[in-house]
Amino acid sequence: MKALTVIPHRPGSGEVREVPDPTPRDGEALVDVVRVGLCGTDAEIERGEYGEAPPGSEVLVLGHESFGRVARGVGALTKGTPVVASVRRPDGCPNCARGEQDMCLWGKYTERGIGGLHGYCAERYAERPEYLFAVPEKIAAVAVLLEPLTISEKGWRHTIAAQRRMTFWEPKRALVTGAGPVGMLAAILLRLRGLDVTVVERTEKPERRALLGTIGATYAATSVTPLVELAGPRGHVDVALEATGSAQVAFALMDLLGPNGVLVLTSVTGGMRPLEVPADDINKRLVLWNALVLGTVNANAVDFRQGIADLVAAEERWPGFLGSLITRRVPLARAAEALTHDPTQIKTVVEIGVDGGFPLGPPT
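Residue numbers (the numbering used here): 1 to 364.
No wet-lab data here; the hints were simulated from the structure.
All figures in this text were calculated on a predicted structure; none of them were measured in a lab.
Honestly, I wouldn't trust all of these hints.
[To be verified] Result set (DSBU-like, lysine-lysine): computed pairs, CA atoms no more than 30 Å apart in a straight line:
(1) K172 x K79
(2) K172 x K2
(3) K79 x K108
(4) K2 x K79
(5) K2 x K138
(6) K79 x K138
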């Protein structure tokens, strides 16, 4: 079968090649892949920054944002069931043993398409049913967005859990930095929960302003208005979510939180670039206002299930919004060229299998 592969730690090695077909083990389902989303992680692996092939393989099949249909069923997952697969697999630590591999203690986990396991950007894959999540047909066309949504789902779930430290907390204002897929999906999550949401990025993109306006969110660019002004009066940000990948933005947000406010960090920043920050002021604000800085990575099964519910709710409340986030569609044969970051796009997906045509438009 054909798959998008890289040779880990060899920059520019991304290519579509023939790889062996998966052989399902007892208890595993076989899934025909319909489409796969590409993100910054895939691009970083293709640049040779990290990544690990499975034992015995020179190449790593990329892709961890998936949507497909069961080809050979197991249990309740019958043939034709639309499914999304999770990413991380446990290493046996106490948390992993309880199904919380997103909170792994030992760090020896493996991840589909990232480290130690092949990903989903191939014509098919085999997987155990506990790592497959059936999705309703009504969101099949946009279900590839589920995995990136789960990042914010987990961040919000942990925010709520942490805020049980007090008797009363009623967040009203949220600030999201970054208008890429994670930021846009975070905005949906927060709007569904009734928050006043402002999404901020560096460069003005009028089409994203219009897009966010359809869900009642505000859009702004720091090239026009400084972040500190966009945050409003100091102390008026209840929840901030950082999705730009900029450490400078992350530290700036720490100085904008209100009383008992929460900053959720979703970006993994690389490099060793020094940064000058008002450390005394940030420390004072975090301490005196009981503010919380929370890092989040990967997601739990509960986040996938909640993400499915939120995708359904968003599609019903704002029809077409989710589909408009998928701005570039390429066939598998051209998947390698799609690994180059294009700031004009929101979400790029690779179309692999035909699923009743292309409800959101054909690949280009």
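Inset, instruction - Could you check the structure against the hints above and give me the numbers of any it violates, in ascending order? - result: Hints 1, 2, 3 not satisfied by this model.
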